Amino acid sequence: MSAASTRSVLEPSPWGQRFAALLVILYALITMIPLVWIGLTGLKTPPDAIAYPPKVVFDPSLEGYVNLFTARSRQTPEYMASLPPPTSWYDELVRKRNMVITGPSRFAERYMNSIIIGFGSTFLAVFLGTIAAYGFSRFKVPLKDDLLFFILSTRMMPPIAVAVPIFLMYRALGLSDTHLGMIILYTMVNVSLAVWLLKGFIDEIPMEYEEAALVDGYSRMQAFWKVVLPQAKTGIAATAIFCLIFAWNEYAFALLLTSGNAQTAPPFIPIIIGEGGLDWPAVAAGTTLFLLPIVFFTVLLRQHLLRGITFGAVRK
Amino acid sequence: MAEIRLENVHKAFGDFVAVREANLTIAQGQFFVLLGPSGCGKTTTLRMIAGLEIPTSGRILLAGEDVTNRRAADRDIAFVFQLFALYPHMNVRRNLTFPLVSQGVPRAEVRTRVAEVARLLRIEHLLELPVSGLTGGDRQRVALGRAIIRRPKAFLMDEPLGALDAEFRELMCEELRLLHDRIGATTVYVTHDQVEAMAMADVIAVMNQGEVLQAGPPTEVYNRPATLFVADFIGSPAMNLLPAMGPLAPGSDHARVNGAEIPIPRLRDGLAHEEGVLGARPEHITLSDTGPLRGRVFGVEYTGVRQIVVVDTQAGRVRVRSPNTVQVSAGETVGLEFSKEALVLFDRRSERALRSESIHGAGRG
Ligand SMILES: Nc1ncnc2c1ncn2[C@@H]1O[C@H](COP(=O)(O)OP(=O)(O)O)[C@@H](O)[C@H]1O
Ligand SMILES: [Mg+2]
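Here the protein sequences line up with chains A and B, keeping their order.
The letter at position 28 of the first sequence is residue 28 when you use the working numbering, and the numbering goes up by one with no holes.
One rule links them: number in the working numbering = place in the second sequence (from 1) + 316.
Pulled out of the complex, with its shape left as it was, chain A reads as follows (with noise of 0.2 Å):
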């Protein structure tokens, strides 16, 4: 019998895998581009930031961190001439352009609202959903279909054409700008989307395993969370990740309703201004250390996603 005999007929052949593998590199590599030129950006002193031709190879600097995190005033040579010696590598690259530190910026600030705001949404989207999908997987509910209707049907219009309502509704309410606010208008985005992940995860846990928990002595409750739970964590680890980039990357909500209080890293980022107008290697030092909390959850998540975002097509 020869090799290619034993291979399984669904199996592509090895040179058609290559060439799938050759496809998913390319792909890989196209759609790296934007993001590595982000991150090369992070590193470059303003000037060669927008040097044209652009440079590839460049010297290193972390102007761009240093701008991002501080706030800064530009003095006379005379003045900067009167100043003691920096006492810290950032003082010295600042003073380099005839700037000294006047304070921190407010991108930390920023940056917090945005886990507070994208965590915090997260997690209540997720809770909800979790809680209303085993409802309506496990229980009689009347007008059950009518009402996973409308709870599908509110993601039905982007949430930002009724930006107005919600902008006069926060004001009236006093959550204009509040983290409370942000976290109740992202949650309200994507608890259908929770719900609707969910309950196609839970449906597919057999109801057996809760009633052998009953039967084991356990109460509902206690089954839902030692039973069930366990079992949906690839469910949950997916509808997580997917609240949390909305939450995360939401821009337009955030620009229309934060100001000085709950800003979040989003709307803050663009804005960032230095000399002659965007301060763009700060502008990209801000975006990488903002893409950073999805990589690092995404990562951490693996496992589940996986098999999570199959949408428990090849659960086991």
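Just so you know, these hints were derived from the structure itself, not from any lab.
The structure presented is a predicted model; accordingly, all values stated were derived computationally and were not measured.
Worth double-checking, as some hints may not be accurate.
[To be verified] Per label pair, the in silico range of CB-to-CB distance: (1) A:Leu152 - B:Gly478: 34 to 40 Å; (2) A:Met112 - B:Val417: 38 to 44 Å; (3) A:Ile115 - B:Val417: 55 to 61 Å; (4) A:Phe123 - B:Leu445: 52 to 58 Å; (5) B:Thr428 - A:Leu291: 54 to 60 Å; (6) B:Asp518 - A:Thr154: 58 to 64 Å; (7) B:Ser373 - A:Arg302: 49 to 55 Å; (8) A:Met112 - B:Gly452: 52 to 58 Å.
[Claimed, not checked] Among chain B residues calculated to face chain A with C-beta under 8 Å, some are: (9) Ala388; (10) Phe414; (11) Ser418; (12) Gly647; (13) Val650.
No residue lacks a Cβ here, since even glycine has one placed at the ideal position from N, Cα and C.
With chain A's structure known, arrange chain B with the ligands on it following the hints.
Chain B with the ligands in isolation, oriented as in the chain A frame:
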């Protein structure tokens, strides 16, 4: 260990009646088999006993106590599910100890019980393995272990051998019965396989379309089927059912089948109309030249020392179990002799057996 009693237990899902007014008593320590075709309400009955389903009406008593509306968790009954339902995110040991943890059994006691059950079921070597890799037979054992380890009032098993291959099923069948004899727990066992039921049961209850048709020891259900359905469902090949002419007065001792007079045990009930059915097991008919009913041999199936001779008569096709020393061939004309004492007469309209003075005792139903 406890007696289980069902009193007029009724279960409807909307308009559909899954279990109709069931009355059953399962004595303490009994191995009780619920037998019936798929969809007849066996699982529903079992689930009501477990507390996973609440009856529409009727009462369920456990050791004399009314538990009809009690939560499953508080009934102290173990359930072995059709596909075992081993918790997939736990290893074998954790699966076994899960029911003990809910009862707050002390740790040392848990350890000794796990060891004990693992030894009994010969799964000591599997304790630390995840359940996902286990073979069907091992899963079966773990599921049994999870039930036994609690020392519950009763065991409920829903077609626990259904998922195993035929060869292994026979082995487990024996093991289960041995296990029951050792621990002597009240057991309700559900199956659609009459061979399994006959092999294991102390008492068989035959169900069809939500109704319990007959409950009794295997020999009684086999010899004195209470209804036509039971007669047809139990035995392989099934009981021969031949149209018999009525009416018959109480005290009659002959049935007329296609003009032939066949002696039967004296009837206590009469048959008021014309439509009777004579039931005869294949082993209660012999081939004989002087037999009252005659027919042509259609074919012969060899089954070891016995053979099944299929005979076409005017009254229909009849299967006869005879020793294979009897030589017959297809096309031959033969006579059929019936063993009087083993015959059962049914009323075609009510589908019930008529009571008679047979050596097997009066038919019940
Ligand atoms: N939850 C339910 N809702 C509606 N019908 C049901 C439900 N459970 C069982 N049934 C119906 O009741 C009948 C008996 O089911 P079941 O007890 O599972 O039968 P068996 O175990 O004997 O095969 C079937 O026709 C089934 O479709
Ligand atoms: Mg069933």
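**Message:** For each hint given before, does the structure comply? Return the numbers of the non-compliant ones in rising order.
**Reply:** Hint check: 3, 4, 12, 13 fail, others pass.
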